[in-house]
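Protein chains: 2
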Amino acid sequence: MKKQTVKLEDVAAAAGVSKTTVSRVLNNRGYLSQTTIKKVHQAMAELHYRPNVIARQLYQQRTNLVGLVFPTVDNPFFAQLEAQLDRELYRRGYRVLMGNSQNNPQREEAYLRQLLNGQVDGLIVGAHNEGIEQYRDTTLPIVSIERWVSKDIPVVAADNYAGGTLATERLLAAGCQHIIHTNYPHDLPSPNLERRRAYEELMRKYHRPAVTYEVNFDSSVEEKLVIFNQLFDKHPEVDGIFADNDTNASLIMRVARERGRQIPRDLRVVGFDGANMTRTLLPELTTIQQPIDQMASTAVELLQKRITGKKTVGTVQLPVKLIAGTTA
Amino acid sequence: MKKQTVKLEDVAAAAGVSKTTVSRVLNNRGYLSQTTIKKVHQAMAELHYRPNVIARQLYQQRTNLVGLVFPTVDNPFFAQLEAQLDRELYRRGYRVLMGNSQNNPQREEAYLRQLLNGQVDGLIVGAHNEGIEQYRDTTLPIVSIERWVSKDIPVVAADNYAGGTLATERLLAAGCQHIIHTNYPHDLPSPNLERRRAYEELMRKYHRPAVTYEVNFDSSVEEKLVIFNQLFDKHPEVDGIFADNDTNASLIMRVARERGRQIPRDLRVVGFDGANMTRTLLPELTTIQQPIDQMASTAVELLQKRITGKKTVGTVQLPVKLIAGTTA
Numbered sequence: 001m002k003k004q005t006v007k008l009e010d011v012a013a014a015a016g017v018s019k020t021t022v023s024r025v026l027n028n029r030g031y032l033s034q035t036t037i038k039k040v041h042q043a044m045a046e047l048h049y050r051p052n053v054i055a056r057q058l059y060q061q062r063t064n065l066v067g068l069v070f071p072t073v074d075n076p077f078f079a080q081l082e083a084q085l086d087r088e089l090y091r092r093g094y095r096v097l098m099g100n101s102q103n104n105p106q107r108e109e110a111y112l113r114q115l116l117n118g119q120v121d122g123l124i125v126g127a128h129n130e131g132i133e134q135y136r137d138t139t140l141p142i143v144s145i146e147r148w149v150s151k152d153i154p155v156v157a158a159d160n161y162a163g164g165t166l167a168t169e170r171l172l173a174a175g176c177q178h179i180i181h182t183n184y185p186h187d188l189p190s191p192n193l194e195r196r197r198a199y200e201e202l203m204r205k206y207h208r209p210a211v212t213y214e215v216n217f218d219s220s221v222e223e224k225l226v227i228f229n230q231l232f233d234k235h236p237e238v239d240g241i242f243a244d245n246d247t248n249a250s251l252i253m254r255v256a257r258e259r260g261r262q263i264p265r266d267l268r269v270v271g272f273d274g275a276n277m278t279r280t281l282l283p284e285l286t287t288i289q290q291p292i293d294q295m296a297s298t299a300v301e302l303l304q305k306r307i308t309g310k311k312t313v314g315t316v317q318l319p320v321k322l323i324a325g326t327t328a
Numbered sequence: 001m002k003k004q005t006v007k008l009e010d011v012a013a014a015a016g017v018s019k020t021t022v023s024r025v026l027n028n029r030g031y032l033s034q035t036t037i038k039k040v041h042q043a044m045a046e047l048h049y050r051p052n053v054i055a056r057q058l059y060q061q062r063t064n065l066v067g068l069v070f071p072t073v074d075n076p077f078f079a080q081l082e083a084q085l086d087r088e089l090y091r092r093g094y095r096v097l098m099g100n101s102q103n104n105p106q107r108e109e110a111y112l113r114q115l116l117n118g119q120v121d122g123l124i125v126g127a128h129n130e131g132i133e134q135y136r137d138t139t140l141p142i143v144s145i146e147r148w149v150s151k152d153i154p155v156v157a158a159d160n161y162a163g164g165t166l167a168t169e170r171l172l173a174a175g176c177q178h179i180i181h182t183n184y185p186h187d188l189p190s191p192n193l194e195r196r197r198a199y200e201e202l203m204r205k206y207h208r209p210a211v212t213y214e215v216n217f218d219s220s221v222e223e224k225l226v227i228f229n230q231l232f233d234k235h236p237e238v239d240g241i242f243a244d245n246d247t248n249a250s251l252i253m254r255v256a257r258e259r260g261r262q263i264p265r266d267l268r269v270v271g272f273d274g275a276n277m278t279r280t281l282l283p284e285l286t287t288i289q290q291p292i293d294q295m296a297s298t299a300v301e302l303l304q305k306r307i308t309g310k311k312t313v314g315t316v317q318l319p320v321k322l323i324a325g326t327t328a
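So the sequences go chain by chain: A and B.
Here the first sequence stands for residues 1 to 328, where the numbers follow full-length UniProt numbering.
Here the second sequence stands for residues 1 to 328, where the numbers follow full-length UniProt numbering.
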């Protein structure tokens with residue numbers, strides 16, 4: 001336990017100003033000259049004064065913290081999303097409590113228990129775990145990104161169905177005869193499944209077999225490479241792949257090349273996400289780009305409305321676009 | 001402002017237990033049966049009870065929060081580092097307050113002012129801004145990763161000098177005659193400059209000209225592409241590049257290919273960082289891998305020592321290794 005020994009009046013005395021002035025500096029309130037602000041800051045620094053933010057929060061019943069609950073930040077899509085959420089929240093005076101669930105339901109529950117216990121003013125969630133009861137039982141303002149949580153929580157999502165259509169049509173237009181799709185296990189209800197629905201409906205329309213390989217988002221690279229090798233073993237005829245994310249697309253391309261296939265001559269590949277970092281490291285990939293920055297700012301806008309008690313819409317769907325590389 | 005209407009005694013009454021029992025559940029203290037815990041949690045959910053965490057913090061003078069101040073999370077190195085810091089801190093009962101500075105000194109100062117105001121138990125910092133005075137004036141436990149902050153703050157860093165040597169020797173051994181290095185502007189004191197020092201000393205040793213292109217970490221992709229095009233314009237003889245990070249290496253490879261150069265035939269490239277995501281998206285890149293996960297766990301271990309008042313060492317240097325791809 002730490003002790004708070006230096007008091008507001010000590011700072012006031014050291015700076016040669018009144019307690020009210022120190023309080024104004026701390027709260028950024030009222031008219032203050034730059035000289036006064038500087039004197040007070042110097043006195044605080046010399047005395048190692050830590051104003052009691054916690055006590056102030058208790059009085060205000062606000063923390064100005066927003067919790068982010070996502071699977072991981074170590075992925076180009078979520079890294080860009082969390083960076084943009086952080087920027088937008090900062091602009092509106094909030095700071096971010098990071099709660100990456102690592103796709104572990106126990107960990108997500110533990111986070112939620114703590115976060116719902118009054119430590120944040122609101123939550124933005126996009127983790128993949130399902131059946132977390134706490135979401136239903138709370139009055140805390142929550143907004144979700146690309147995840148259906150409960151009927152009362154608004155969802156910001158890309159137009160996944162349009163994205164699935166764009167990707168599949170691109171492969172069909174290039175003359176692919178045997179197109180395979182990768183996606184999450186279908187028992188995880190997620191807007192992601194709209195990509196699969198679009199692919200499967202187009203396949204049906206063109207009387208082609210629809211083959212979807214189910215890959216867990218949080219499987220290791222090694223596990224995914226095993227699955228993608230099986231894909232080529234069982235379907236040597238494959239000449240087009242619509243991957244549900246760019247990371248999987250890049251792993252599929254690696255496996256294909258190891259098997260002597262040339263891209264796009266022998267195999268065309270379309271990814272999904274189009275995060276800035278992936279565009280930098282893998283510019284040749286043709287992909288469906290989600291409007292990641294816009295998704296983040298929309299979610300923050302909705303959350304602030306909820307925090308301030310305003311009405312919000314149920315679902316916001318944002319447009320995607322195809323980025324043409326050389327892989328399809 | 002929100003009002004707290006449901007009280008501890010209401011939860012106790014609804015669950016049919018004593019106030020002490022509810023308090024024990026909230027604080028995870030004392031012996032409790034699973035049935036009791038469940039009853040209390042159900043009562044809290046039904047009543048939408050938010051235990052007053054803030055009041056408890058005020059009493060304990062601890063927040064169990066650790067602030068992370070890094071340039072951005074939208075970069076493979078920092079994404080993996082922050083993800084691992086989050087995991088390690090979670091394991092020790094801390095949660096993470098994210099404070100990405102976007103390499104903006106004003107923003108870093110604003111964060112620090114708030115964080116030092118008693119909202120966190122400690123800080124782990126690795127932002128690139130220099131001359132932030134607050135770091136010197138605080139008694140808050142701080143640990144730095146790959147950044148010299150002040151003489152009292154321990155630094156966890158990779159062995160950058162060994163990394164620079166490994167990279168340069170790799171290019172020399174492959175027969176490169178004209179090796180160019182990219183790094184930060186040299187007026188930013190950073191352990192990163194040890195990579196440059198190693199390169200320049202080896203160049204001197206072999207009587208070769210040392211040419212270092214200075215590139216800001218936070219320049220846009222477009223700005224970096226301009227610089228790398230200038231590099232090839234001014235130094236058409238270049239046949240080896242040691243880039244100070246993998247993102248720059250990938251951009252240099254893009255420019256080289258656009259200019260009709262084949263890699264590694266006409267140009268060999270070695271990067272730096274070797275983050276997992278880069279290894280997935282760009283497996284062909286030869287790079288110097290930093291022990292990112294180990295850097296994170298070492299920093300958390302040091303921080304916990306500092307928080308609990310134990311003595312810590314000044315600098316911890318961790319080994320790097322060369323990952324052989326096909327680009328050099």
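For the record, the hints were derived by calculation from the structure and aren't laboratory data.
Misleading hints may appear alongside valid ones.
Since the list gives no way to pick one copy over another, a pair counts as held whenever it fits inside one copy or between any two copies.
Said to hold, decoys possible - Restricting the straight-line Cα-Cα distance to at most 30 Å, the calculated cross-link-like pairs of lysine-lysine (DSSO-like) are:
id	residue 1	residue 2
1	Lys305	Lys7
2	Lys38	Lys224
3	Lys321	Lys224
4	Lys234	Lys39
5	Lys234	Lys224
6	Lys7	Lys311
7	Lys39	Lys321
8	Lys7	Lys234
9	Lys19	Lys151
10	Lys310	Lys39
11	Lys151	Lys205
12	Lys19	Lys205
Now the hints, each set against the structure:
no., hint, in the structure
1, Lys305 x Lys7, "between (37 Å within a copy, 27 Å between copies)"
2, Lys38 x Lys224, "neither (57 Å within a copy, 38 Å between copies)"
3, Lys321 x Lys224, "both (27 Å within a copy, 25 Å between copies)"
4, Lys234 x Lys39, "neither (74 Å within a copy, 52 Å between copies)"
5, Lys234 x Lys224, "within (15 Å within a copy, 43 Å between copies)"
6, Lys7 x Lys311, "between (42 Å within a copy, 28 Å between copies)"
7, Lys39 x Lys321, "neither (53 Å within a copy, 50 Å between copies)"
8, Lys7 x Lys234, "neither (72 Å within a copy, 61 Å between copies)"
9, Lys19 x Lys151, "neither (49 Å within a copy, 34 Å between copies)"
10, Lys310 x Lys39, "neither (40 Å within a copy, 34 Å between copies)"
11, Lys151 x Lys205, "neither (32 Å within a copy, 68 Å between copies)"
12, Lys19 x Lys205, "neither (75 Å within a copy, 64 Å between copies)"
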